[in-house]
Amino acid sequence: MNIFVLMKRTFDTEEKIVINDGVVDEEGAEFIINPYDEYAIEEAIVLRDEHGGEVTVVTVGDEEAEKELRTALAMGADKAVLIDMEDFDEEIDHFTVAEALTAYLKEQDYDIILGGNVAVDDGAGQVAPRVAEGLGINQVTTITGIQVDGEKVEIERDVEGDVEKIETSLPLLVTCQQGLNEPRYPSLPGIMKAKKKPLDTLDIDDLDLDEEEIAAKTKTLDKYLPPEKGAGKVLEGEIDEQVNELVSLLKNEAKVI
Amino acid sequence: MNNTMEMGVKGAGFLVGEVQADQVFTPEDFTEEHEMIAKTTEDFVLGEVVPVKENIENHEFDISVKLLKQAGELGLLGADVPEKYGGLGLDKISSSLITEKFARAGAFSLSHGAHVGIGSLPIVFFGNEEQKKKYLPALATGEKIAAYALTEPSSGSDALGAKTTAVLNEEGTHYILNGEKQWITNSGFADVFVVYAKVNGEHFSAFIVEREFEGVSTGPEEKKMGIKGSSTRTLLLDNVKVPKENVLGEVGRGHVIAFNILNIGRYKLGIGCVGAAKRALQLAAEYANERKQFNVPIASFRAIQEKIGTMATELYAQESALYRTGGLFEENMSKLTAEEQENGGKVAAAIAEYAVECSLNKFAASEMLDYVADEAVQIYGGYGFMSEYEVETIYRDSRINRIFEGTNEINRLLVPGTILKKALKGELPLLQKAQSLQEELMMMMPEEPGDAPLEQEKYLLHNMKKVFLMVAGTGAQKYETALEKEQELLLKVADIVSDIYSIESAILRTEKAINKNGTEKEALKLKYTAVFTEEAVNRIEQTAKESLIHMEEGDTLRTMLSMLRKLTRHNPIDVIALKREIAKEVLKEQKYVV
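Heads up: the sequence lines are chains A and B, in that order. Read in order, the letters of the first sequence correspond to residues 1 to 257 in the UniProt record's numbering. Read in order, the letters of the second sequence correspond to residues 1 to 594 in the UniProt record's numbering.
One chain only, chain B, in its complex shape (with noise of 0.2 Å):
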């Protein structure tokens, strides 16, 4: 038992331990100094970034600039920046919040979090002790600006084909950097630059570059899709000089310092979608209430009903799934001693381990998000589709999350790759229990689950993790190392992963919050884990099933089905009569409650 438990709280251990309701953090347990850091940044966003936000999609750059050094000053750049070099060092849950309420920024959501992510954090995490007292103390207030530049023309996925070169000098003193990095978010003003270049054309390595050098410029600004306020321009690298101590990490590990930030950087994108989805349905909530056709609101017909209901349901689940990842990063920081703490490596070590998460939090908020935000704007018809409202901005910011940080689909690939290398290292006992399921599967008797409250969706869980084992171990028994090449297969086995990590989340929030204050006073968290699993539940059957075909045949493949039929045998609940439940509660509310 104790085994299986801290296996739950590794990284991707979900898959083959059990989680307890009280091993998960959830947004229950944010704390009162939570709760003020939150309306801290939700009235600077309200108070000054949303009058400005026409000033800012204008491009009008020294108004962001102003406004990131005003946010400096309320603290709001330094909560990852540790005390020591001028920043709050405040805890993980603490800075997602602070990312949330940001989301209502809209483009300049970007600018922030671009500065005080991928821009400060690779010298947090990777910097050394001067490059530190250097660089963070300026960054925490805002008085200099971060960009991180690893996308080049020609790489974008494949972000370590780099052609970015960079040459130590005849005097052992400086890297001659040359190159051009391209779609540098707040390139327009940043300061100081992370830039990926090959020492030699070959070793990948980071560099702490600064505008101030001679030979760096940028391009003109980028004409885009959405997320116009931010500034995204090409970065142009003519013989820049760069000293050889603003080397970041070590030379030829460029790699480690990329994929661990792109790793938080995922978790936190995975968070600003929350924190946007939560704007879109309120919007959308609002307006159905207040629109009129035929003489009655349009949040009295049903099918705006439908939409309400399944956009909350969506929203619940992965607000439940981004803040327990952000809970065990905690979990497993507060496992360092206080002098690893101090180690960035160690803190993005410890992050990382939850890679798997991390990518799943990617690609699932900022679907979700773009669920959220088209159906927001379908609510509004006509209107929706007018760039006076919001929805109509929100939708097309919306688009670029499931590019970025890695796509959709370079993260859904990562999901099953790591979990196979994590196996085959022996962090995960998967092998193991992919051979016994394979007995256990053809004993075994669908059972019938009570009918208190999370049982069934507890027993669909304890399930939906042997689809994962039968899918995934057929996979990698048939294929072996060809695996990789399976790509539609290897996306599918994501698909169920992550539907396994957010029913998950979303019945231990569900329990724990019963726990606390009783089953009746958490009736809609109730009916948005019912929903969800149900929905979920039956993707994985659709999805395990193609797999399966795909893989195996005849009788083999008809054994296997009905195996599958087995795991995935319920009883069906209404999910129409709980989205019309669910959807009268946030149009009561009018914005998305728990």
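Bound conformation, chain A alone (with noise of 0.2 Å):
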């Protein structure tokens, strides 16, 4: 089975985030693998070892993401693809993204693709979606649970909480919801293996795309930390009184109700 991984590099939301003129400060941030892309890779390695093939981690960013990419075939991937955006001199947004792996995956052959369901820096959820609607394929996103048998594949997906179950078919691409399974830690014969894997690295160019043609089609115009938690309030007085002021406050200040 041929499986491709569609994965980000985002920074730590657990660190502390600074941010300067609507801009994340990269210079103290943490980076890691996207928390549900790492559900992804520990997925496709798991269906791997049952089914046999490949895993292909594919991202779109810089060089710094080759060390994520690192991490993915400690874990145990096969391949690393980096599609490096360096010298894009146009804005880039999940549109830009989608349309470069989208242009990547054509020329693959695969049978299932796996990302996250979502990027903890930003919350989008939109890539993995737009490159299935790209190669026009099959998709199920926020998956908990995932059987193939042959071309059939029996889904669990998370429903806001509940859980639905789907019946589809391969090539599919699925998004991996928290539940899915535990992601391992990179071993260390992982790691050793890992430097000698093949990490691969493609421009745009190498895609046949062209620049202005996947430039962004959406603007970021701020970016700003949520306000600080003030203290709280006690009320206090007979119980009667608390009720009323709660009320009003609730009203008036916090403008809820």
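Think of the hints as simulated: they come from the structure by calculation, not from any bench. Just so you know, not all the hints are guaranteed correct.
As the list claims (entries may be wrong) - Computed cross-link-like contacts, PhoX-like style, restricted to lysine-lysine with a CA-CA straight-line distance of at most 25 Å:
id, chain 1, residue 1, chain 2, residue 2
1, B, K39, A, K193
2, B, K425, B, K478
3, B, K485, B, K466
4, A, K79, B, K133
5, A, K197, B, K39
6, B, K39, B, K588
7, A, K193, B, K133
8, A, K16, B, K292
9, B, K466, B, K10
10, B, K478, A, K193
11, A, K195, B, K39
12, B, K228, B, K66
13, A, K67, B, K516
14, A, K16, B, K584
15, A, K16, B, K39
16, A, K16, B, K591
17, A, K229, B, K292
Remember, it's a predicted structure, so these values are computed and weren't measured experimentally.
Two chains, two frames, a set of hints: combine them into the complex.
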């Protein structure tokens, strides 16, 4: 089975994030594989071990993303591909990334493509579905279970906490939700093997893409951190007074009712 | 020039040679693989060990064993075991990083450390082919757990005074071991013990003893001040029949194994201390930012900032010194032929070259950790005294590091002792240097170093090496062979040597980073180096003064003290201001940063 994983390098949202002039300061940020993409990598390895074939992890980014690709290789992926946007002069958004990935995948022989449900940095969840559309293949999002039997695929997906069971067929793109699996740690033998595995770099010329045609369709106007959580307020007095006070605060101060 | 440069990378050679920045390994030289190995270790510890820390503290050792096996599956037990025997045969920096990152696991790091270090390494280095084939694959995966049994109730520092005996049976097939080994880490669940005993009560030797052997048993768990989650028991040997094939190395040569294992054990202990200190500093910085008194975070108080600044500075110096030593091991081992690298004895000898550095690392890093842990508790105030807070555990766990793997006093005594031995063997041109020093010092005019980055630090470092020669040389001349009785003096010499190694390690690391990234990007490293050097030079001056006053009197003393003043004279720097700036960075990132 030919398995592809769409991976994104993101900053760690659990670490401190600094925003300067609407841009996340990358200097101090810690970078990781998007956690949802880790589920995708893990599931890809499990599928390969069960059905044979190869796992190729693809990312769109710059040279820095090689580190995360190596991590994916250390987890057990077989090949990695970096679509390098270093020399891309236009703005990049989810459309651009999806176009680059689609162009790359069109030339590949794939049975299943796995991606994360969303990326934790901007939470758009657009890229993978766009790729499926671009390739004209089946897609199922937010999966929490998958069984492949020949061409037939049985999937469990998360629907706002409920489970939906779906049957579909290859070729297929899925996006992975928390609960699908427990991603493995890259083992030390895995890390040592990773440096010998192929990591290819392509740019958009290699993909026969035109910069202007895939330039961003959206523009990010601003980015800012959520307001810092203020101190809580403890209401005092008789219970009736407290209720009145609370209602008035919710109405006039928080303006939620 | 070439000669002194070569000298700089020999064991203790830094005292007489010149070391260049590109000759030292620094944490900035970690490769991508190193970072990934560190990350896997960290993720494993955070994901698997930290959630069950309390169970481990309560002696649920089945969890410790399960975790060790899990670590084995990830390759975290096989770094020092050659590939040929089921390990990974990684470089010493990789295995150091694993040790550093395991520190976060608290007492469990002892279970890991004792297994991969003193438990497995005797077989890695000194086992014969059959022994390696038989034991190492299972140790590398964690299928079997190892322990090391040297100490006895009546022999601690005097390890060779062991009372455990081994007598060859009449058939000549087995040694019969009898005795009691004390405070054996991992003893509650270890399968394989490296046990030291005296053959016929005389010839100190090492044996591989399996738990399964008849007559092997362990006592109850000890109740300890710290590292409560590690298993510590007495190992009882009652007429244990050990096949003679299980003699490790040669009969009567057990001390070679014991001392070699201690070298690497001391280094690894130092690395663990660096890891624990980073955690303590992180907790202290987070807490200082969070805790409010008088309506402001206590981090805004300069008294707290000074603590944070000092903690981070000491950490920088020790981290630099430790990884420098690790780099020296690597460097020396890379000189071995492929065949020699297979030979554990040769590898151990390549490490033993740096016995002085290992001892320095051991006592300096463990005292740095004790200091950092103590201040972390202090920053937490009353909360730091409460068991729910991690700093309380770190504080208790820290204390043992100054005691085991050779007390810090034993390690200090070893420093001048080993240096002197090297000098007498002609490995270090110490005596020649000391002789020419007298004349040199009489002629010496204090210089005014320029204000280029690191210029004053380098000037002072150069002079501190002369202070060492003056103190140690005077001691050797005055007391000759009776010098070993002058223990206070020997301890002081060790302190001077330690500060020299740390200053130099900090300077060279900072210089190497500046050569790569420029001074602007490495401003923090420069601050660390400036503060550490200033304080260390002041310490050295005081220590040297006390030593000289003890040894000399009258005009000779006056002359020597005036030379000392010349050597230590410099433009003092404002450490208070620099520590504020350092603290600002650490508090901003809420962790140790460089």
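How the hints compare with the structure:
Distance check on the hinted pair: K39(B) and K193(A) sit about 16 Å apart at the alpha-carbon level, within 25 Å; holds. For the proposed pair K425(B) and K478(B), the alpha carbon gap of about 20 Å is at most 25 Å, so the pair holds. Distance check on the hinted pair: K485(B) and K466(B) sit about 24 Å apart at the alpha-carbon level, within 25 Å; holds. Note on K79(A) and K133(B): the hinted pairing is violated, with a Cα-Cα distance of about 34 Å set against a maximum of 25 Å.
Taken as a hint, the K197(A) and K39(B) pair is honoured in the structure, with Cα atoms around 20 Å apart against an allowance of 25 Å. Pair hint K39(B) plus K588(B) holds up; C-alpha atoms about 23 Å apart against a cutoff of 25 Å. Distance hint between K193(A) and K133(B) is fulfilled; the C-alpha atoms sit about 24 Å from each other, no more than 25 Å. Only pairs whose Cα atoms come within 25 Å are accepted, and K16(A) paired with K292(B) is accepted, the gap being roughly 20 Å.
Straight-line distance between C-alpha atoms of K466(B) and K10(B) comes to about 18 Å, which keeps the hinted pair within the 25 Å bound. A hinted pair counts as satisfied when its Cα atoms are at most 25 Å apart, and K478(B) with K193(A) does not qualify at roughly 59 Å. Taken as a hint, the K195(A) and K39(B) pair is honoured in the structure, with Cα atoms around 16 Å apart against an allowance of 25 Å. Restraint check: the Cα-Cα separation between K228(B) and K66(B) comes to about 18 Å, which is no more than 25 Å; the hinted pair holds.
Using a Cα cut-off of 25 Å, the hinted pair K67(A) and K516(B) holds, with the two alpha carbons roughly 21 Å apart. As the CA atoms of K16(A) and K584(B) are separated by approximately 16 Å, the hinted pair is consistent with the 25 Å bound. As the CA atoms of K16(A) and K39(B) are separated by approximately 18 Å, the hinted pair is consistent with the 25 Å bound. The suggested pairing of K16(A) with K591(B) holds, with an alpha-carbon distance near 11 Å, which does not exceed 25 Å.
Note on K229(A) and K292(B): the hinted pairing holds, with a Cα-Cα distance of about 16 Å set against a maximum of 25 Å.
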